[in-house]
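Note that the protein sequences, when read in sequence, are chains A and B. Going left to right, the first sequence walks through residues 1 to 333 as the numbering used here numbers them. Going left to right, the second sequence walks through residues 334 to 764 as the numbering used here numbers them.
Calculated from the structure, these hints are not laboratory results. Any given hint could turn out to be false.
[To be verified] Cross-link-like lysine-lysine pairs, in silico, BS3-like; alpha carbons within 30 Å at most: (1) K418/B / K78/A; (2) K226/A / K258/A; (3) K49/A / K477/B; (4) K414/B / K78/A; (5) K347/B / K52/A; (6) K181/A / K226/A; (7) K347/B / K505/B; (8) K397/B / K22/A; (9) K413/B / K78/A; (10) K397/B / K37/A; (11) K347/B / K37/A; (12) K671/B / K604/B; (13) K37/A / K761/B; (14) K414/B / K347/B; (15) K37/A / K604/B; (16) K78/A / K761/B; (17) K129/A / K248/A; (18) K78/A / K263/A; (19) K129/A / K505/B; (20) K722/B / K671/B; (21) K477/B / K37/A; (22) K263/A / K248/A.
Chain by chain, the residues:
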Amino acid sequence: MADVAHHAPGLNGSKQPFPGGKPFTPEDEAALTDALKRCSPATVEAAIKFRKTGDPAYVPPVVIGIIERFAEPDQRAKLREADDDLRIIDDLGIDSLTMMEIVMLVEDTLQMSINNDELRHLRTLGDIKVFIDCKVRGVPPPKPSRFLPIEHIGVVMPIQPPFLFLNEATVGGSGATAKYKITGEEFFLKGHFKDNPVMPASIMLEALGQLAVLYLLEGGHGEEGKQADPQTIYFTSCEGVRAHRVCKPGDTLSLSIKPKRFKMPLATFEGQIRVGQEKAVFAEEITLTYGLRDSAVEPAPETAATAPKASLPAAPAASSATPARAAVSAPAA
Amino acid sequence: MSFPGVRPDRIVSKVYITGLGLITSIGNDAASVTESLRGLHHGFEAHPLSDCNGALIHVVGTIKEFQVDSTDQEDWVFPKKYSIKREVLRCLGPNALFAYCAMQQAIEDARLTPADVSHPQTGLYAASGGSPFFTHHLHERMNKVGVMRCSPLGIVASIAGTLNFNLVAHFKILGASCGFSSACASSLHGLGFAYEEIRTGRQQRMFVVGAEDCNTDSILPFAGMRALSLQSDPDLASRPFDVARDGFVGTGGGAVVVLESEEEVARRGVKPYAEVAGWGQASDGYNVAISHPDGVGLHLAMKLALKNSGCSAEEIDYVNAHATSTPIGDASEAKALKAIFSNPATRPAISSTKALTGHGLSLAGAMETAFCAIALRDGFMPGSAHISKLDPLCEGLNIIRATLPAQPHVVLNNSSGFGGANVCAVLKHVG
């Protein structure tokens with residue numbers, strides 16, 4: 001129940017150079033320093049600089065510093081090493097109520113207000129950074145990322161079991177992430193290798209390619225009234241592939257792809273796979289070819305009701321596939 | 334622990350006290366509390382409580398080793414052995430912190446495993462008046478900066494059920510749980526109903542918890558009803574049954590009493606402090622805040638408790654009176670006691686340990702049950718301190734002014750609360 005400094009409530013976005021809409025006084029600085037008293041000195045310094053200059057470059061260290069202050073001490077190392085895919089709830093163990101505390105302190109520090117609906121969609125460190133950055137600049141934040149359970153993936157993807165290597169995915173404007181747990185039941189593991197099942201690197205690239213396909217279909221990419229046609233998407237090339245780690249049954253692959261460029265009919269992504277914090281595979285470029293169709297022709301099904309469930313793979317990771325946003329919703333009274 | 338397969342109401346188990354946890358003005362563990370009770374060392378300090386006109390109240394039964402006067406829980410100082418994560422701490426008011434620490438003590442004292450604590454047959458009943466301190470802070474902040482800038486945990490840290498919310502969640506209690514709200518009778522009500530849970534086989538083990546803040550917000554409002562002592566001398570302020578008593582001295586803290594069934598005591602091979610032999614309750618039906626002048630509700634509660642436990646008034650060796658040091662309340666209890674213990678040949682020793690601790694409000698019943706359990710185990714009866722001239726109304730009662738080094742066998746513990754709620758519990762020595 002930390003008391004936090006508060007100046008001008010309800011400012012949406014900032015009027016630079018003074019985010020509070022008025023000059024930053026020594027009293028403001030004292031209040032800010034007090035509000036951030038459990039944050040690192042670097043965080044306090046960045047916050048003061050932001051309040052003095054309104055320069056968005058200071059926002060990420062402030063936000064990360066505030067998240068760090070609320071994380072349990074044994075989790076803080078993760079945050080320091082983290083990339084933007086670090087999930088606040090799943091990876092850092094921060095619950096939805098702590099998330100509210102973080103938001104309140106961010107609001108007070110950066111002099112902005114964030115409503116619950118906006119908050120609900122922020123899952124990863126990257127989501128938060130992008131969101132706050134947009135708020136500070138006064139531009140609309142990108143479309144929030146969406147969690148897609150296996151039922152949804154199975155319905156929209158042209159690729160089907162037993163050759164589908166995504167258990168769950170999250171697709172947003174800036175890329176997509178997914179999980180795949182190697183069960184040991186994959187048919188090719190019988191022969192790869194003899195008495196030593198190892199996930200083939202080529203299949204891991206395939207999984208990244210599949211996530212890129214999902215991004216094309218679900219990421220909102222396309223022209224007005226058009227969307228990627230699942231019947232037209234094919235693999236064309238990949239570059240700069242490095243495999244760092246042998247992946248075996250029991251490992252859960254954390255996949256992520258980021259779009260690099262789109263030039264019809266080609267879409268190029270960067271992709272990587274981790275197992276926990278360990279790097280497994282990196283691909284500098286994975287390029288797909290695709291075509292468009294009218295959005296209205298065959299809209300993607302909205303629910304899992306139409307999914308041919310029987311044909312879907314048994315996906316252990318999908319059992320935890322309650323939409324992540326539920327975890328951020330308000331607790332029962 | 335088995336799940337009884339027969340109708341619960343047909344099972345009758347004895348109920349034992351097997352563990353205690355104490356954060357009180359007279360000590361923060363059973364050993365130091367025992368020493369204070371035997372030596373009649375009070376826990377009062379000069380500690381002014383001020384309203385807008387300045388300090389009116391000068392003495393408080395303070396909780397030592399705890400600095401919890403900040404609304405930011407991360408500023409709090411408390412003994413290092415209670416390590417509490419931030420995500421837990423942020424949900425606690427001072428009362429819940431005291432209760433949390435007392436809970437850890439009680440679990441250790443009763444030698445319970447995590448599996449014993451988190452079990453469908455283990456429940457928790459708690460009593461507190463909430464944390465007016467945090468309610469005050471929350472409302473002030475809400476009006477100043479808006480509700481969306483208030484702590485999301487403000488409610489659970491402040492409302493009356495805060496102890497059960499917090500303790501049930503953090504200690505992973507799976508059995509019965511709820512809160513009791515009968516003011517100063519609350520935690521003895523909790524004990525009575527926890528006893529019923531075990532006696533009837535619905536639960537095998539119950540934690541009974543009482544805790545209160547110890548600050549201006551929790552204590553000073555009682556001055557408005559002229560219930561607090563205005564004395565500035567810590568050695569004189571709380572003197573139940575003294576003719577010059579002028580009100581109670583406020584205190585806070587936390588107390589946890591572990592109750593267990595015969596079956597569990599045998600299975601775990603522990604030696605209980607005492608047996609809870611029965612209890613009774615009755616109401617005055619008289620006034621919202623003033624005790625019935627003849628103590629009719631308390632008289633009936635004691636009568637029912639004796640009947641429920643199968644004991645006669647003659648068997649009682651010691652009574653831990655509710656007596657808070659208010660002129661009306663003590664007089665009313667004295668009359669009720671005289672009516673119950675009418676045989677001058679078998680008068681029990683009577684004392685009010687509030688002369689040492691101050692009045693812990695919702696905490697009182699659980700705390701004083703713990704004191705009785707200690708007295709029964711260690712074989713002594715704590716004296717009623719600070720009496721220089723006994724109120725003539727108490728003539729005929731054996732109010733002991735010094736601690737008696739004699740083993741009590743059956744004791745009564747009384748609690749009375751606002752609205753004329755009266756509860757009495759009977760505890761027995763375990764040989």
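Hint-by-hint comparison with the structure:
1. For the proposed pair K418/B and K78/A, the alpha carbon gap of about 18 Å is at most 30 Å, so the pair holds.
2. Taking the CA atoms of K226/A and K258/A, the gap is near 21 Å; set against the 30 Å cutoff, the hint holds.
3. Restraint check for K49/A and K477/B: the C-alpha separation of about 27 Å stays at or below 30 Å, so the hint holds.
4. A distance of roughly 28 Å separates the Cα atoms of K414/B and K78/A; the hinted pair therefore holds under the 30 Å criterion.
5. The straight-line distance between the Cα atoms of K347/B and K52/A is roughly 70 Å, outside the 30 Å bound, and the hint therefore fails.
6. With a CA separation close to 33 Å, the supplied pair K181/A and K226/A exceeds the 30 Å bound.
7. For the proposed pair K347/B and K505/B, the alpha carbon gap of about 26 Å is at most 30 Å, so the pair holds.
8. A C-alpha spacing of about 46 Å is found between K397/B and K22/A, which places the hinted pair above 30 Å, so the restraint is violated.
9. For the hint pairing K413/B with K78/A, the CA-to-CA distance comes to about 27 Å; that is within 30 Å, so the pair holds.
10. The straight-line distance between the Cα atoms of K397/B and K37/A is roughly 27 Å, inside the 30 Å bound, and the hint therefore holds.
11. A threshold of 30 Å between alpha carbons decides the hint, and for K347/B with K37/A the separation of about 54 Å lies outside it, so the pair is violated.
12. This hinted pair does not check out: K671/B and K604/B have alpha carbons roughly 35 Å apart, beyond 30 Å.
13. In summary, the hint linking K37/A to K761/B is not supported, as the alpha carbons are separated by about 53 Å, beyond the 30 Å threshold.
14. Taking the CA atoms of K414/B and K347/B, the gap is about 34 Å. The hint is violated against a cut of 30 Å.
15. For a cut-off of 30 Å, the pair hint linking K37/A to K604/B is broken: about 49 Å separates their Cα positions.
16. With a C-alpha separation of about 56 Å, the suggested pair K78/A and K761/B falls outside the 30 Å cut-off, and the hint is violated.
17. Only pairs whose Cα atoms come within 30 Å are accepted, and K129/A paired with K248/A is rejected, the gap being roughly 34 Å.
18. Pair hint K78/A plus K263/A does not hold up; C-alpha atoms about 37 Å apart against a cutoff of 30 Å.
19. For the hint linking K129/A to K505/B, the alpha-carbon distance of about 36 Å lies beyond 30 Å, and the restraint is violated.
20. For the proposed pair K722/B and K671/B, the alpha carbon gap of about 19 Å is at most 30 Å, so the pair holds.
21. Taken as a hint, the K477/B and K37/A pair is honoured in the structure, with Cα atoms around 21 Å apart against an allowance of 30 Å.
22. For a cut-off of 30 Å, the pair hint linking K263/A to K248/A is broken: about 36 Å separates their Cα positions.
Comparing the model with each numbered hint stated earlier shows that hints 5, 6, 8, 11, 12, 13, 14, 15, 16, 17, 18, 19 and 22 do not hold.
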